[in-house]
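Residue numbers (this note's numbering), protein chains in the order written: chain A, 13 to 470; chain B, 248 to 1169.
Among the clues, some could well be false.
Listed next, with one range per pair, are the computed distances between beta-carbon atoms [stated by the list, open to error]: (1) Arg-762(B) <-> Gly-331(A): 37 to 47 Å; (2) Arg-255(A) <-> Pro-873(B): 30 to 40 Å; (3) Gly-331(A) <-> Asp-663(B): 42 to 52 Å; (4) Gly-331(A) <-> His-1149(B): 27 to 37 Å; (5) Glu-433(B) <-> Asp-301(A): 26 to 36 Å.
Straight-line C-alpha distance at most 30 Å; calculated DSBU-like pairs for lysine-lysine [stated by the list, open to error]: (6) Lys-784(B) <-> Lys-248(A); (7) Lys-248(A) <-> Lys-1106(B); (8) Lys-292(A) <-> Lys-595(B); (9) Lys-811(B) <-> Lys-595(B); (10) Lys-84(A) <-> Lys-366(B); (11) Lys-811(B) <-> Lys-248(A); (12) Lys-111(A) <-> Lys-361(A); (13) Lys-1145(B) <-> Lys-1107(B); (14) Lys-292(A) <-> Lys-361(A); (15) Lys-811(B) <-> Lys-785(B); (16) Lys-1145(B) <-> Lys-105(A); (17) Lys-1117(B) <-> Lys-1145(B); (18) Lys-1118(B) <-> Lys-1145(B); (19) Lys-248(A) <-> Lys-785(B); (20) Lys-84(A) <-> Lys-59(A); (21) Lys-1118(B) <-> Lys-1106(B); (22) Lys-248(A) <-> Lys-1118(B); (23) Lys-595(B) <-> Lys-784(B); (24) Lys-366(B) <-> Lys-784(B).
Negatives, chain B to chain A, calculated, CB over 10 Å [said to hold, decoys possible]: (25) Glu-287; (26) Gly-299; (27) Glu-304.
Everything labelled a hint here was simulated from the structure, so no lab data went into it. Everything numeric in this text was worked out from a predicted model, so none of it was measured. Think of the CB as a built atom: it goes at the ideal place given N, C-alpha and C, for glycine as much as any other residue.
For reference, the chains in residue letters:
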Amino acid sequence: MHESIRPSRRDALRLLSSGFGMLALRGIAGAAPQTSPLAPKAAARAKRVVFLCMSGAPSHVDTFDHKPGLVKRDGATLSGYRRGAKLMASPWKFLPSGKSGLMISELFPALREQADEMCLLRGMYTDVPAHPQAFAKLHTGSFQFVRPSLGSWSLYGLGTENENLPGFVTLNPPSRNGGAQNYGSAFLPATYQGLPIGLQRSGRRRSGDGSGPVDDIRNPRMTREQQRAQLDLLEKLQREHARREGGNDDVEAVIQSYELAFRMQSDLPDLLDLGSESKKTLDAYGIGDDETDQFGRQCLIARRMAEAGVRFIEVGMGGWDHHRRLREDLPAKCREIDRPIAALLADLKRSGLLDETLVIWGGEFGRTPYAQNGDGRDHNNRGFTTWMAGGGVKGGTSYGATDENGIEAVEGRTSIHDWHATILHLLGLDHERLTYPYAGREFRLTDVHGEVVRDILA
Amino acid sequence: MMQRSLSLTLVGVTLTAGLGLAAAAPAPLAQERDRQQVLERLLRRYDLDLDGTISEEEFPRSRRAFRRLDRDRDGALTRADFAPRDPSTGAAPGDEAGGAASDADAAFFEERVLPILEKECYSCHSSGTRRLKGDLRVDSRASLLAGGATGPAIVPGDLDASLLIEAVRYEDPIFAMPPREALPDEAVRDLERWVEMGAPWPSAADDVHGTEAQVVEDLAGSPALDREIDLEEGRQAWSFQTPTPHEAPDVADADWAWTDVDRFLLAAMEERGVEPVEDADRRTWLRRVTFDLTGLPPTPEEIDAFVGDGAEGAYERVVDRLLASPAVGERFGRHWLDVARYGESSGKQTNIVYPHAWRYRDFVIDAVNADMPYDEFLRKQIAGDLLEAEDADERAENLVATGYLAIGPKSHNERDPRQFAVDLVDEQIDAMSQGVIGLTLSCARCHDHKFDPVPIEDYYALAGIFMSTETRFGTRATLGNRRAADLIDLPEGADVAFGPTMDSELRRFLDRTRRRLNRSQEMSPKTSGDEPLDRLKKRVENDQIDVIGDLLERFDESGRANAKNRLAMGAVDGIARDIAVLERGELDRPGDVVPRGFPQVLDGEWAPEIESGSGRLELSEWITDPQHPLTARVWVNRVWLHLFGAGIVRTPDNFGAGGMAPDHPELLDRLAHDFVAGGWSTKSLVRELVLTHAYRLASSDDESSAAVDPEAVTRWRMPDRRLEAEAIRDAMLVVSGTLDPERPVGSPTGAIEGTIRREELADYLTRERPVRSIYLPSLRGHLVDALDVFDAPDSAFVCGDREETSVATQALYLMNDADVVRLADAFAERVMREADSERARIERAFELAVGREPSRREKKAVSRFLADFKKLEPSKSSTSSSRRGRRRARESELARPKTVEHAAWSAFAQTLFQSAEFRAIG
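Bound-form chain B, shown alone (with noise of 0.2 Å):
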């Protein structure tokens, strides 16, 4: 029995191997087949660099303990040290010798043998099962020849000696199988005569793993799907080139442009033989630059101001308006967690809340308002914890700056504990080489990448950065949720906010259900807890008050956030070390070791050592060295395609092989290479390039120029862009005076814990709040209706470049939804409040919603409308079909409205809502 205790001391972690068949087992072939269970726990604990194998460094225990483990005395515990001592007692896989069927055997076993193993068998014994019982697999010949914790399942032709055979005719309580009810009489039978046919099984219902190989001759003409990397080729490729400040080129039409960018873009025109439209009204462009700028419609003072500022640098005094409002951080900051792929919660199986996860949307927004270098906005996301801080503040933004490796969608219920460390190290470098890189570095995960130069090499390079990572995500274990990790506590002294406030009503909601639950725990009897749905009842229920427990904690009666919400999500530094290949990603194929470091196409001399820790720090610095050819025109390229609609190159998240090449190569380079030398500030890029005459152009359509140039690669028009979701609701709350400016304290999510299984969870979160879309919950796979309808993103991986549809759903929305015709009846309202005659409402209310007056037509048609529709009869009583509809009904009843007045100015104002201009920047 000392392996069973060493694995019991070392590992800590009770052997289940005894349940099932184990429970009569002969004591030493148990012994034998649990070796192989420690050292697969002793491979999941301490085999760090993923080879398969535990050597002497990897293991942290005593020598002496490594050396009796050793046998073979290679330096390594490898399966050899853990194999069977005597192979002769059990056949060794592989043996097939009495495995070829005749046919009419063949016909015997797929007849009545195989639909019985199917049947009353895998479930719990074969391959494809998640909860292999007793080691023991029937799902192949070879496997049952080896068979499980208790020695060969079948010895062909010995019925006593197949432990098979011994199960199925129940004739030892403890040993019986099936477990719930003996099989009938005459499928005993057969299965006996089948053992006694010599067990055959014939190959074609085989598993592959026992059969003999045999070699085919290669197939003719099909080329292999290997192909050979050339390095030095790749590193040829355009965007692996530093950017080179070219000089803007020499234009005919010198007085129209007024800049770098301006004289690059023109240059193109000309040499096309397209030509600039005019400019844009002074409204136009106001709309244009403060939607682009803030996310939010320019006010009808502002918009006068601006009119009647006659005086010279009236656009530039507009644009430094716009830049030091704190809703530039609210827009760009959006933009930012589309790549970053930002969601509070798991996604996948599971979604799991992240209570935590806003930290790291504030210190977005707050980094984009303070116009944090793009470089040092990188760095701490990717190793703030490994930073120096000036005081505690900043340590707490480098910690919370993290976040950005621990927020991306995770498998909480993924059994393997190796499995989820390398799909969610998958995760972080899917994010952050598509995010701030261009490149699809993931694909490299399996084999070679397909169109760029990275062989896998190169990714398991960059993973051992990862592995040698510990990521913070929080999230407490229990029963649904087997992957749970720390949080970061924020540094002592820091000024963060506890938290978001609870309110009354979940409050209550959790005192209450933590009431019955505990109730619920009395009453069960204790006695009684050997029932299994007894036993999982009291688990799922212990969990659920842990769990609320956890949760109210943080937060005092109140309901506000206490200084143990002070907690984040984020990465430290893990044990560091170098991880092996795995070919075609599989843990069960590992290959040699490669060493921590970056993709060799973009290792150049200017690429730091990594020699000690994870090496995260040496990846900030990699990628925001000024050499790095990417990230600065990846940047660049993102920002370009917020403010002018397509990028310079339209794949922004693909700059390899795969992606396009930019339209404008050596612009892109001058903006990349500028933008790095003038200290990555992106405030400063974005003032440039609105201030370009490009910028200022109209939307207008030239019939010549587009014959050309249909698409306006060469940007000679502004193209008609339809604003963003969080644009189109955030302009509705504005429009209709019930915005509340002021950026929440935390977030929703933060006062949940667990699982959002149930829609009403989903539903209390997402409800309607008078904020701003971006503080919103983004939780995965449920997004606020007003967002998934206009095509925010789901957040499950980078996305910087919205899909933009026109869909008859969204005109649904925008006529029935109960939340727009909520705003519309207070759009309404603040008309009628704001102005008295039905001409100066008319008025107001275009003015409002769309930034001009109405033509006289306009307000004839609206003024008759109003008439009308006072007429007609009056509404009927709601009654939604959906379950959207009934929720919100229930929410708060969507009065009828006040007056028939009230409804015909609402009914309008709903129009302005849903007009294509209300969500178009021309």
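With the rest of the complex left out, here is chain A (with noise of 0.2 Å):
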């Protein structure tokens, strides 16, 4: 058996410096380990993680898994699979990418000029090739059940660098796929669990688009005093009842709440307000153009959450899921999510904070390199393409391979667990040693699973 992570006496002692007070400390400790942020055992390479998630599975072949032979086998017929699955070549030209010269499509114009930065891992397979279940995996490590998410267990290990902002925050999320379960803490303390601002819904967007103010912000009467009043009796009237009715855990998690939130009024709007962001910096981001606006936004919103100190930034983009018309649509999709994250990267190499952050972009599976519908590619979870950049991996690289044709990772095969462990790693967090005790055991984001993709380490 490993020994678990506990927290050190630095950790609680930050904790109690940002303002709960005694009555707060007592219980917290009462309840240690269930809310104390845990120290990193390992070296950590980065800090902090900005996840870019392609919900509904961008096709790995027409983006960044170059098959130049899948142009000769163009149309032929695939026995072994579907009924009559024949080969579709990309569309789209790879070219050779920065100095490292990796292929990537030239549906990334302005990425491409950050291949230096980045790692492709070219074999990636998972599970199921059903969204809801493979989404789930992707950030749960776990389809059959409930559990924490990767962003919780990242916080979880690692705590909150800003105590003015929640510590792990899903900008757009989707609705379905599981919904709040992928940004859940499951059988974590509830302020593990993501802060979710702006929801993908088929209308209008709760608390904005994720790139707008949050609703309910500001209170319509009170002064900050005067709630800061209110909140203490509410504080105080919890812990009566939780002390004469025997401890209840959520009360904690509840008075946390009301503290998070309320401290994150005074910066979440200033975070969220870009009005203090360049001309330039917006131009770059393409926010101001109808296609890059939105994710755009999200991506300056990232970066500015990074370096305010937000441990785990997940950026939610749906719409890769393209059974048809492939030509048209993932070029406007790839065209939506370009400029926005060479922006992205860019920024943070030049502010530095990219060598402490880890980007990481990827969908819950890939598509198959066999045509559907003449214009569309369907699920393939045997062999597909994520990527990662900063916080401790070497860039310019690709890792893995799937078949000539893309459809099965052979070389460098990553499951979502490896993906997992590596990227705790990078954290600083040993995945066999970040455990959580439930239900009579032990806990891990990675279950009895999991290699580091140690060839990708910087």
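Dock chain to chain to rebuild the complex, using the hints, since each chain is given by itself in its own frame.
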């Protein structure tokens, strides 16, 4: 058995200094380790994560997995797969990019310039070619059970760097595909749950679109002092009730969520207000252009959150499920993210933040190199590509490979557990030792699996 | 021209192929292209079984016309009958002889030619475009060779024969392309040179349709994605066995177990070595059962009465009192509406209002209150239109019930009516299969089910039933709504409400808008209607005038709904037919036609045969057959879930292999069996469950039991639960004394028509009203904030088990939302009115909000808070940064508190809303 990571005294003190007061400390001390951040044990390369999550599953063979052989075999019928499955070459060219010459699709003219920062994981695979399951797997490592999400584990392992902001934010998460489960903390304490800002719902988005102001961020009547007094009363009443009724963990979580909400009121509006950004920056992210505006804003907000010390920032972009109209819709989708992501990487690099920020891009699986509807691609869980940049990964490299057609990961096969293990490792967390006691045993994000992909570590 | 006029008379749709390139079409070629379109149109209209051909039975016109069209005399109209007569006039698709390209050619094509085609032509002439013009695609060599309505677009090597070249040369003004502006000379020269070169098109850039297939060997180690379904083996799964009435097991502690349910549970606990915790106190139990059955908190008076009722049968009396309350329908009705994905607008891209959906909502609430047997409840929803009715009232009820099939989300802007039809059917199958029988049958739409023994044929057997059904979802066809349908007229003589009353603000707005539109129409010069933009504007305005006209027709001057509003959403039988299996769910890949029927794995001997009609009646009988293994189990499990916090099957919408197994299979069986044997009475089931010892338990923790069974799967304790969004909001209304408990007539949505495009409309509809939350509009994508923030579902799909998040946005809502502040004000006023001393007021506030007296310390803390708060600087003026905040502020100035005293009491009252205790049921 490995020794589990336990909270350090320093972390407890840091929490203490954040304004909870003695009463709060007693509550926390009583509940340890449930509500205490833990110290990293391995050498951390990254302090935080920006996860650019592409729900719907982008086609790898049209974006980051160059398959010249497909061109030759274009139209060939594949046996062993779906009846009548015909290979379809990517309609787009791949071009050597950056000094490293990584082959990246022409669909990403701006992002290609950042190729030397990127490490392509071309041997990814996952369990099931169905969106809800694979999306849950990508986020929580499990699709059968409700488990804490990657962001929750990261926050649990590292604690927060900014008491005035949530440590785990998810911008524009999809309401389908498991919904809140993907940023949920499951059996981890509720404080490690992600805060959703903007939901991809069918019409309007809750709390703005992930780029606008958050609803109810200001009280329409009370001064800050009055509201502080109100929350002090609330907490006193809560704790008094909990004391008499026996320890209710929920009370502590509720108090913390009010405290966080109270502190967010001062910092979050400023953070989400892009008014202080220069025209040049806004342009770089494509803000103001129809296609790139929304994702550009989200990427810029992600950068600002990274600067402000948010530990795990997920930025959601749906609409990658190209069963048909690939030729028209995929380029449009790529245009929506190309400039924003390129600007994000460039920006983080310029400020030196990229070294300590791990940027991840990927969806729940890939797509088939064979055609569907003549102009689309089907789900493919057996091989796909994600990439990482910054925070301790070797830029300008690719790791792993799919077979000659791009169907099956054959080299450097990387499971979701491996992927999780690697991300935690880069954050300085040993995935085998980041555990939480529940239901009579120690649970971890990677269950009993997962190997760190050491070849990609810088 | 015979074919063209035939198509006009047959289809009644003006052909649009004449636009674009066809304008200068050589007549014979145009006709050949038109023939293909004629077939397409015929298929859309008459290919009922979706098999890609039209049989003589499907063709409703004269026999002679059919024979004339059926050129190859094979008894069906197929592509062959509509193929161009002489294929040699155009290069056949698939001719790749000249397509192979040398590297230099390829480079020329990719650098010089392809960019022109992509930039200038693709928007109207590619497979991806929404508006394909002239039936011409230029996104592959094959389609250029095949050409469009006017014939081949290119003839490799022959400039003069290539219509593409003729068009870009801009010689003939009618036939010139691109339509707005001629290409630069250089571009024209590039295209000419390319055609002269033989139009090389490197296969990498080509469309797969045109390329020659070659067979690649099996890839080693790649198992096929297809798997064989073994039905026999599949039938062995636990959930496909008809439930058997297991005897309750013996238990050691016989005194503890009051009922058979308790005996099942205790036996499992004893086996695992856990012990049930102590019983909850009377207050806790009363709060629990009152919220669970009615969604409302118990009043202080009810609490006092129950706590003081020492007589035998006190618990039973409470349960019977609650079950008789109409609030039960509002509580369990909401549970069903989650499952029925109830929504009052279409959602998806266009989000069109469904102004008559509320009748279905009311049907559900009334059915629960009347304890309508669950089998009857389902039969009415699936096939109410086909059921016998005693009188007009019952007939109306039956029709309204079929609204279940019509209220789902839909893409009203779908161009292809067949695509819309199959999507609609898929949505119905998805809702019904997950909601009623706990199977994800929609997974078998494109391929055999990945986990369950349901082959794709079974899906299309079921889909045939719904394809034979006409879903009447209403809405008016407009520019933005391509798919409208009729509604159902409720029968004469039935006692049904006309509908909601339109408030005067809305009425004035509509009148104003109509006047403005009419003026605009009059003023627009009639002659200049040729400008496309003008025409478009005119059409949009006409649409709006029509929609408003439709709406106002159903309301009288005072805003009351009139008899014309006796309309409902629902379903009636259409043309009965079997349909083809669509490979991978695609319309252009029809396979064999399969007879209508039920999933084979559940098609027991008890299943009825479909003989005539759509088969919906038989479907409703099949689903509610006492031997159906899933229907009762799924419902009993849902009821259990709402009382005990988690289902016996923890995936309430999935009883298949992808779901979880029951943690008490024998208990579930027994409950399902007894439920059916006892006449499908939901209220009896609820009564039985809440009077068990298990339901009486406290929610307190126990270390040794928790170590063995941390999730209390054995039910050794009751869980701590958070109230649902509706209950939180309703409780705030009750406590503040502002709830109007009456059911409003209709829904605010009922006085609206058209698309929810503007935020203002959604804001108007979702504004705060002091009614129970179930009566607030359920617009898809525009949930009421109070509900949205606490995880109410968006009704896009079946939701048997809501999410339960605890995030800072909820804290922000309870701290800052104007509605919450207003309710706190009302609560404070109530407390100040109902009690005189500070002490009495504090006590009253606690009793109302959390059903208990405050402790001495709590009273002291509140008292000090009130004193301190009054000393603080007074409140600032209101400025809100959020859109919603501004809207609310506008809607009704959130007044500053009347006095410092009131401000302090309001701030305290709000803390009670904010407390974890307020939203918890232990």
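Hint check against the structure, violated hint numbers in rising order = 2, 3, 4, 6, 8, 11, 16, 19 and 20
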